[in-house]
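In our numbering, the protein residues as written are 1 to 201.
Please note: incorrect hints may appear among the correct ones.
[Said to hold, decoys possible] Per label pair, the in silico range of CB-to-CB distance:
no.: 1; residue 1: I108; residue 2: E88; range: 31 to 41 Å
no.: 2; residue 1: R74; residue 2: A26; range: 18 to 28 Å
no.: 3; residue 1: G24; residue 2: V75; range: 33 to 43 Å
no.: 4; residue 1: Y65; residue 2: D113; range: 10 to 20 Å
no.: 5; residue 1: W19; residue 2: A73; range: 35 to 45 Å
The hints are simulated quantities; they were obtained by calculation from the structure and are not laboratory data.
Every value quoted in this text rests on a predicted model; they were computed, and no experiment measured them.
Beta carbons: idealized from backbone N, C-alpha and C, even for Gly.
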Amino acid sequence: MRLGVMNNPRHDACEEARWAADHGFAFLDLTMEGPQAALEQLDVSGLQAVLRDTGLGVVGHTAPYLPFASPVARVRQAAVESVVDTFETFATLGAKWVNVHIDSVPKIFTHQDRLHWNGESFAQLAERAVPYGLGVMVEHPPRRRPPRPRYPAHPEGRCAVGLPPGCRARLCGRRPARRLAQIAQIAHGACPPQRQPLAAR
1 MRLGVMNNPR HDACEEARWA ADHGFAFLDL TMEGPQAALE QLDVSGLQAV
51 LRDTGLGVVG HTAPYLPFAS PVARVRQAAV ESVVDTFETF ATLGAKWVNV
101 HIDSVPKIFT HQDRLHWNGE SFAQLAERAV PYGLGVMVEH PPRRRPPRPR
151 YPAHPEGRCA VGLPPGCRAR LCGRRPARRL AQIAQIAHGA CPPQRQPLAA
201 R
């Protein structure tokens, strides 16, 4: 099992990578989003150096608020293009996977509309990620309501399924070993910043 942590986009990504390595994490779930970690704000060469020096792996992460299922086609396309713009940098940093978040739709539209528009956007991203050697993975199942934690795993270990924020297991608390066992098959868990994280061993 390898444990990773997402960088806090309110802080410099290089500092977040050093923190992750210092606390025993195996990889950085690198989100490229503001206010301090947008693509144009990244020190790519500096981040490469940190990853190289620490041996920290990296997985691509995209902003959860991108409108992949907007009823307006041009808005959906803009969301796709904004993620495509990150592919070269993710590949340069050594990522093999980039995650995306399922977008919601206004209540006037159906669940099927939501599935169709998200799927259309993700299909474009998957195709356009191929030249960069990247795969695209979906953060959580497309359900109408947040699912109960089930901690699923791909039988070949090739993809990760995350859970909505309200369902994420925590690495901290009174029984960290039990929590670690619960999240052994998923990509990441939420760790409150006010508590000391449990370093991977």
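Which hints from the list above does the structure break, by number from lowest to highest?
2
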